[in-house]
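Line by line, the protein sequences are chains A and B. Sequential numbering from 33 applies to the first sequence in this note's numbering. Sequential numbering from 33 applies to the second sequence in this note's numbering.
In short, the hints are calculated from the structure, not lab data. Just so it is clear, the structure is predicted and the values come from calculations on it, not from any experiment. In this text, a Cβ means the ideal position worked out from N, Cα and C, and glycines have one as well. Warning: the hint list may mix true and false statements.
Some chain B residues judged to face chain A by a derived CB distance under 8 Å, without partners named [what the hints assert, rightly or not]:
1) Leu54
2) Ala61
3) Ala63
4) His67
5) Val70
6) Ala83
7) Gly91
8) Lys94
9) Ile95
10) Ala110
11) Gly126
12) Ala147
13) Gly153
14) Phe158
Protein chains: 2
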Amino acid sequence: MFRIMSIREDDSKMVILMRNDLKMGKGKAAAQAAHAAVVCALSIKKKDPAAFDRWMLSGQTKIVLRVDSERDLFEFKAIADAQGINNAIIRDAGRTQLEPGTYTCLGLGPDESSALDKITGELKMF
Amino acid sequence: MFRIMSIREDDSKMVILMRNDLKMGKGKAAAQAAHAAVVCALSIKKKDPAAFDRWMLSGQTKIVLRVDSERDLFEFKAIADAQGINNAIIRDAGRTQLEPGTYTCLGLGPDESSALDKITGELKMF
């Protein structure tokens, strides 16, 4: 008698697309991902509390993937907008390392993993 | 006639202490920082909405600093607890890179910058 543990196809997650073409230190990138995660979490909590709860209860999974340009960020944002996927693009205040106002990353979701994989499934880990 | 823009001493921020002794890739570390930021943001929003609003309005600043052991994480957590500073220690689910349940980082605040600097002012950027 044993129970099979598996990751359900419709698990919920958040995906963060981080620009790899910028010269960000790892702490800087971590702070940008944190910005995206907070904005996306708060906005989904307001817009769709049930989706927020599903994500929190399933371990608030977050995955950080790489993109290679500002243009990529905006292309993925346009796709997310078209599909009604919660998202937030992040600009850095630019006190250190980057020019003020640099777009650094895009938070997507939280949403069903399958929906996000359709958009970002080809991207590599940051 | 001009206006002096300055960073106020009592600006609000969140500080995330990240273990530098673990073999985390930069995307993994970014996801851990994002976990800490979301947990800290949600808990301060519930416990102290005015502090949450001050932090959001002042640009939801986040700084990621390095510590070098699990023990450091817990020592800083104990200090934060003793001083009534909102905090959250993060364990990784351990699906990749780390052993399941590894303590990876500690989120502190958001709180007054001066209060956090007293605790973490000696630490280096992650």
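Against the structure, the hints come out as follows:
| no. | hint | verdict |
| --- | --- | --- |
| 1 | Leu54 | 12 Å, violated |
| 2 | Ala61 | 5 Å, holds |
| 3 | Ala63 | 5 Å, holds |
| 4 | His67 | 7 Å, holds |
| 5 | Val70 | 5 Å, holds |
| 6 | Ala83 | 14 Å, violated |
| 7 | Gly91 | 6 Å, holds |
| 8 | Lys94 | 5 Å, holds |
| 9 | Ile95 | 7 Å, holds |
| 10 | Ala110 | 23 Å, violated |
| 11 | Gly126 | 11 Å, violated |
| 12 | Ala147 | 19 Å, violated |
| 13 | Gly153 | 16 Å, violated |
| 14 | Phe158 | 4 Å, holds |
This entry does not satisfy hints 1, 6, 10, 11, 12 and 13, going by the numbered hints stated previously.
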